[in-house]
Each structure stands twice: as C-alpha cells, then as structure tokens.
Amino acid sequence: MTKKRSPWLIIAALAVYFFLYAPIVVLVVFAFNSSRTNVVFEGVVNREPCGPFYWFCALAGNRELMSAAQNTLTIALTSTFFSTIIGTMAALALQRYSFPGKTFSEALLYIPIVIPEIVMGIGILVLFSTLFRFINTTFSLPPDARLTMGLGTVIISHIVFSVPFVTLVVRARLHGFDKSVEEAAQDLYADEWRTFWRVTLPLIAPGVLAGALLAFTLSLDDFVITFFTTGPGATTLPIYVYGLLRRITTPELNALSTIWIALVLVALLIAQRLERRAG
Amino acid sequence: MPEYAVELRDVSKRFPGPSGEIVNAVKNVSLQIRDGEFFSLLGPSGCGKTTSLRMIAGFELPTEGEVYIHGRPMGQTPPYRRPVNTVFQNYALFPHMTIGENVAFGLEMKGVPKAEREKRVKEALEMVRLPGFEKRRPRQMSGGQQQRVALARALINHPEVLLLDEPLGALDLKLRKEMQLELKRLQREVGITFIYVTHDQEEALTMSDRIAVMSGGRVLQVGPAHEIYEKPNCKFVADFIGETNLLEGKVIHQHGRQVEVLLAGGLTAHAESDQSLVSGQQVFVAIRPEKMALRPYDGAHNVYVGRVEEVVYIGTDTHYTVRLAGGQRVRVREQNDDPFSRPLANSGDEVRVYFDQTPARVLTE
Chain A
1 MTKKRSPWLI IAALAVYFFL YAPIVVLVVF AFNSSRTNVV FEGVVNREPC
51 GPFYWFCALA GNRELMSAAQ NTLTIALTST FFSTIIGTMA ALALQRYSFP
101 GKTFSEALLY IPIVIPEIVM GIGILVLFST LFRFINTTFS LPPDARLTMG
151 LGTVIISHIV FSVPFVTLVV RARLHGFDKS VEEAAQDLYA DEWRTFWRVT
201 LPLIAPGVLA GALLAFTLSL DDFVITFFTT GPGATTLPIY VYGLLRRITT
251 PELNALSTIW IALVLVALLI AQRLERRAG
Chain B
1 MPEYAVELRD VSKRFPGPSG EIVNAVKNVS LQIRDGEFFS LLGPSGCGKT
51 TSLRMIAGFE LPTEGEVYIH GRPMGQTPPY RRPVNTVFQN YALFPHMTIG
101 ENVAFGLEMK GVPKAEREKR VKEALEMVRL PGFEKRRPRQ MSGGQQQRVA
151 LARALINHPE VLLLDEPLGA LDLKLRKEMQ LELKRLQREV GITFIYVTHD
201 QEEALTMSDR IAVMSGGRVL QVGPAHEIYE KPNCKFVADF IGETNLLEGK
251 VIHQHGRQVE VLLAGGLTAH AESDQSLVSG QQVFVAIRPE KMALRPYDGA
301 HNVYVGRVEE VVYIGTDTHY TVRLAGGQRV RVREQNDDPF SRPLANSGDE
351 VRVYFDQTPA RVLTE
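So the sequences go chain by chain: A and B.
Residue numbers are given in the numbering used here: position 2 of the first sequence equals residue 2, and the series is strictly consecutive.
Residue numbers are given in the numbering used here: position 257 of the second sequence equals residue 257, and the series is strictly consecutive.
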C-alpha cells in the first residue's frame, strides 16, 4: 500500500539536498571557470597547459600550496598509523579484560568525540607550551635546539583525537566476536602473538581498516586543533586555504577543493563498504 | 601406580561472578581417565563439565588441585603447549581460511614442512569422509560437514587426548545419530583417548566406555553405562539418567544389601543398597519403569495394588501410569509382544504392579 506523501515532505527533502550539495556543485563547477575571480562563471577555461584542467595544473606550480599538501599528507598518514594501532589495542583491551575503573576509562576515552574541538585545541596548546617552556628553561637549551610547535605537535594532537574514533569502529567489529576461534588457534599450538596475527587481526581487519580511513579523513580536513598546535613550517592545507580566503579566492582553490572532496569521498566510500562487509 | 591419560586430582575452580560473588564452578573433582578410553562428562548445564574440560585443555587454570596428562602435571602450561586438542561446540573453524588451511593450522604452527602438511591434510579429510574439500570455505559447508572438519583439524595433530565439548549439540537428531557412530568409529580407528562433554544422557550411554555424572560442580558417580543406569548411587543420577520411579520412604531395617523400606500409605518395599543405612532414615526407592510389570509372575518381592490413570501407546511398548494404594504415582513399561499389541489394562482398571528386589535401589539425596 502506498501512502500519499505530503508535498511539504518532498519540498523539505529537496531543500536539504539543495543546501547540502549545491555549494559543492558550485565549487566544482568554478574549478573550471575561465575567469580568475570566483564571482561569475565565464565559460570553461581552455588555456595551455592542460586545457580545461588549467587550474589543476596551476596548483602544481604553487610551491607554498604543494608544501602544505605535503605536510597534510605527512600528518594524516603518520597520525593514522599510530592512532590505528593505539585505538585497536584499546578496543581489544576493553573487549577482553575487566579491570578496576574500566567503565571510567571507557568514558574518558570517548570524551574527545563529544568535547568541542576548540576546547581540545586550547587544552593541547596550553599543555604543549607549558611543557616546552619547562623543558627549554630547565635544560637551558640553545635557541636552535628548543622545543617548539610544529609537525610533531600537530601529529600528536591528531593521534589524540583520532584514537577514540578508531576504538569505536573496532569495538563495533569486535562485538559478537567469537572468542572460541582464538581458543581454537591456541589449542592448535599458536601462542598469543601468532594467534593475534593469524586469527584475530584477519578477522577484525575490516573494522581496523574502516577505523584507519576514518582517522585519515578526520586528520586530512582538521582545522581547529591544527590551528592551535601548528607552528612555523607546518602549515597544512586547511590552514593555508584559510589564509588565502582572507585575501582572494581563485579557481586554483576550487581545483584544490575538488581534488580534496574526491579524496575524502573515496576514503569514506571504502570505509563504508568495509564496515558493511564487516557487518 | 597405573598411568592415566588424564588425571584430575582434587581440582576446584572458582570464578568471580557477574555481580562480584564467587561462583564455585568445580568442587574437589578427582577423575582418572584411562588410556584409549571414550570417557564422557555428563550433566545438566552449569554442572561444571565444560569448566572441567577447559581446565584439561588449559583455557582455564584450576584454583586448587592439579591436572595431569600422562602423569605430567600441567600447572600453568598454556593451551598451546599441551598435548591435547579440542573440538568446540560451535566448531570454531577459522572463517577466513580454506578447509585445507584450517586442518593444516596445527601442523603449520608446529613447523611441519608444506609437502608433508598437504599429504596429512588429505589423509585427515579422507578419514572424516570429506576428501577433496581442501579449497572450500567453512561457510560453504553444512553444520555436519563443519563438525567433521573440526574433528580432522584436531585429529591431524595426533593428540594424546581429544577433548570434545558438546560437539553434536548444534546438529539435528538424524545427523547427530550418524555422527555418534562416526565418532565411535574414529575413536576405535585412531585409538586416542576421547573426553566427551554432553548433557544428552542417551548420547553418553551409547558412546562411552565410562561416564562421569556431574552436578553442582561435583562428580557424583563414575562408571560404565550399564552400571550408571542399573546401579545409580544417588537420587540425582537415578533421576537424570533415563526414566525412574522414585518412591519416598523410611528404612525399616537392613540385612546386608537387602533393605526393607516403609513407603507412604503403609506399603513396604524390598530393595537393595550398597550403603549402610540406619533405621528410620529418609530414603528413596528407585525403580525403572521397564523393571516393573503388570503381568503377574512368581517370586516377585514387591506386589502393590493400584489403579491405572493413563495408558500411552508408543509402538514397541506401552506406558501405564498407575496410582498405588499408598498414593504414589508410578510409570510401568510393558512390551507390546502380544500380536495385536492389546493393552494389558485400560484407564480406570484396578491392577497389580510387580517388581523384584534387585533392580529396586535404595538411594539417599
């Protein structure tokens, strides 16, 4: 039986899709604009090199932007690597063992998910600056050896906010995990280490990968926390773009954003597919 | 001192329960399991049979006592260093590996070369009648087939003892009967000691050389099937194994094995006991339905008058529920050897119930 739908429902649905996706469509379209300004669309650009992809090629020549992209990737890959390991270990520990204060530590673990990013950002900034000042003065380090904000601090802060997401995703995968297959492996002469690599990890791999991809996309487009923890020479793409915006936006930025959207979309699609297969 | 395949000496296991209380899963259990024996741990769920098996496998460590395998104390030895293998209730096959990889896993962990592994996997799969299934995945196989794979995966390692944790529990009745015979055949072929956990008394009776009946974390009786069935040593065993009539009463006097018991309603019963009892002691007379008769015969030690309440025809036999003069309700099982399977009595008829002294056992709680 089909129910008659209210036209308002359809209008509301269309409005949601319009406001969600129209900006993205406009952004992508303007990446092919022949005008330098982002005001009017004056037809598809067709200039050497690269023809319609002129602005995409122009990106490659922008050294500042390329270095920001490199920083972003370095941070994203490194923080994903570590947060995946730590998050998975935390998920396994929470699943397997009961220890005093387990509920408390579990609640504590998920705090970074619900706490406003700006609060975390300020918190991490204060922590690092206090810690660095203490170390620098205590050991009276020479100016070129002093600890400062930079790639290292950004990576650490990204690991911090990614771990709970990884743990959450991996725990979902572990829910209903049949412990007896691990016992079977141990019964068949595999010690704890080999049981983990041969049985546990392959079985939870879809969850671990989904968690890693989530951590990767989170790190890739994080602005607030990065803004507080970055330093000279560690500008990431979001920070760079923000800096540009205050002056002028050019189709180069649109081209960059287009690539970015594509990257995040692909990562999310893979993560979703892995999770579905896991379920 | 004879060497046993597995020996449990005064083993206890306590767990912290879900709300902080202590659960005594196994209490002072001592068992001697002989080499090459098909030994069953039988009992209702929660009786400690699975925990006992898991302590032999090494998944749990005893709180007190010691587990010996061929005379060697196991102590803290982890499962992967014990000379036993387990067949799990839910098979626990590795879903991400092929059947061949599953069966070869133990050999691979032991460092057996690939060529020999493949040869032995082939033999093991032939032994469980699944030749050529190496490339399949566990999820492509039926429950019965998965169970055979689990058996092959354990037996390929030639364990000193094979532990089976309700391995047939998830199969349907017909398949279960088939697998029972199959397991028995395999055990004879490989000559390995099998320790089999089950809550199904029929399964235990048909397959085992000896059975240990467990309840509430304790072993109540150990013995071959006929002994457990014919001479239960307590009320629980008599009640749990097969069907039994329990008549409550008080000891009048005992003369050797022969005991006279006063039942409710002033009836007296002549029965036997291995225990020494005192006059006036509260006891139960246990008598199997098939040891009672409605057809009169000479020399019956016990004859009671009663009235038939219900007649149930089940093909080979007919079950009569009779209410005795003392108020007790008993079930009598008579074979339908009459050519027309005519009932010996109808509902409401007054009958006499006969039984001998020897099969009537005097039991305490």
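For the record, the hints were derived by calculation from the structure and aren't laboratory data.
All C-beta atoms in this analysis are idealised placements derived from N, C-alpha and C, irrespective of residue type, glycine included.
Possibly wrong hints are sitting among the right ones.
Said to hold, decoys possible - Chain A side only, calculated, beta carbon under 7 Å to chain B, not exhaustive:
#, residue
1, Asp144
2, Ala145
3, Ala184
4, Gln186
5, Leu188
6, Tyr189
7, Asp191
8, Val199
9, Thr200
10, Leu201
11, Pro202
12, Glu252
Unchecked claim - Below 16 Å or equal to it, Euclidean Cα-Cα: the simulated EDC-like pairs (lysine to aspartate or glutamate) are:
#, chain 1, residue 1, chain 2, residue 2
13, B, Lys174, B, Asp209
14, B, Lys110, A, Asp191
15, B, Lys174, B, Glu160
16, B, Lys250, B, Glu260
17, B, Lys110, A, Glu192
18, B, Lys235, B, Asp209
19, B, Lys174, B, Glu134
20, A, Lys179, B, Glu60
21, B, Lys291, B, Asp349
Stated by the list, open to error - Pulled from the structure, derived: some chain B residues nowhere near chain A, Cβ distances all over 12 Å:
#, residue
22, Arg54
23, Ala104
24, Gly280
25, Gln357
So, going through the hints one by one against the coordinates:
1. Asp144: At 52 Å from the nearest chain B Cβ, Asp144 (chain A) fails the 7 Å test, so the hint is violated.
2. Ala145: 48 Å, violated
3. Ala184: Status holds, d = 4 Å.
4. Gln186: The hint holds - Gln186 (chain A) has a Cβ within 7 Å of chain B, the shortest such distance being about 4 Å.
5. Leu188: At about 4 Å, which falls below the 7 Å cut-off, the nearest Cβ of chain B leaves the hint on Leu188 (chain A) intact, so it holds.
6. Tyr189: Hint holds; Tyr189 (chain A) Cβ to chain B Cβ min 4 Å, cut 7 Å.
7. Asp191: 5 Å, holds
8. Val199: 6 Å, holds
9. Thr200: 11 Å, violated
10. Leu201: 10 Å, violated
11. Pro202: 5 Å, holds
12. Glu252: For Glu252 (chain A), the interface hint is violated, since the closest Cβ of chain B sits about 46 Å away, which is over 7 Å.
13. B:Lys174 to B:Asp209: Violated: Lys174 (chain B) and Asp209 (chain B) sit about 23 Å apart, past 16 Å.
14. B:Lys110 to A:Asp191: Since the Cα atoms of Lys110 (chain B) and Asp191 (chain A) sit roughly 11 Å apart, the hinted pair holds (cutoff 16 Å).
15. B:Lys174 to B:Glu160: 30 Å, violated
16. B:Lys250 to B:Glu260: Distance ~9 Å between Lys250 (chain B) and Glu260 (chain B) Cα, so the pair holds.
17. B:Lys110 to A:Glu192: 15 Å, holds
18. B:Lys235 to B:Asp209: 23 Å, violated
19. B:Lys174 to B:Glu134: Not satisfied, since the Cα-Cα distance of roughly 26 Å exceeds 16 Å.
20. A:Lys179 to B:Glu60: Measuring from Cα to Cα gives roughly 14 Å; hence the hint holds.
21. B:Lys291 to B:Asp349: 21 Å, violated
22. Arg54: Answer for Arg54 (chain B): violated, closest chain A Cβ roughly 9 Å.
23. Ala104: It is violated; Ala104 (chain B) is separated from chain A by about 10 Å at its closest Cβ, not greater than 12 Å.
24. Gly280: Holds, since 51 Å exceeds 12 Å.
25. Gln357: For Gln357 (chain B), whose nearest Cβ neighbour in chain A is about 50 Å away, the distance exceeds 12 Å, so it holds.
Checked against the numbered hints given earlier, this structure breaks hints 1, 2, 9, 10, 12, 13, 15, 18, 19, 21, 22 and 23; the rest are met.
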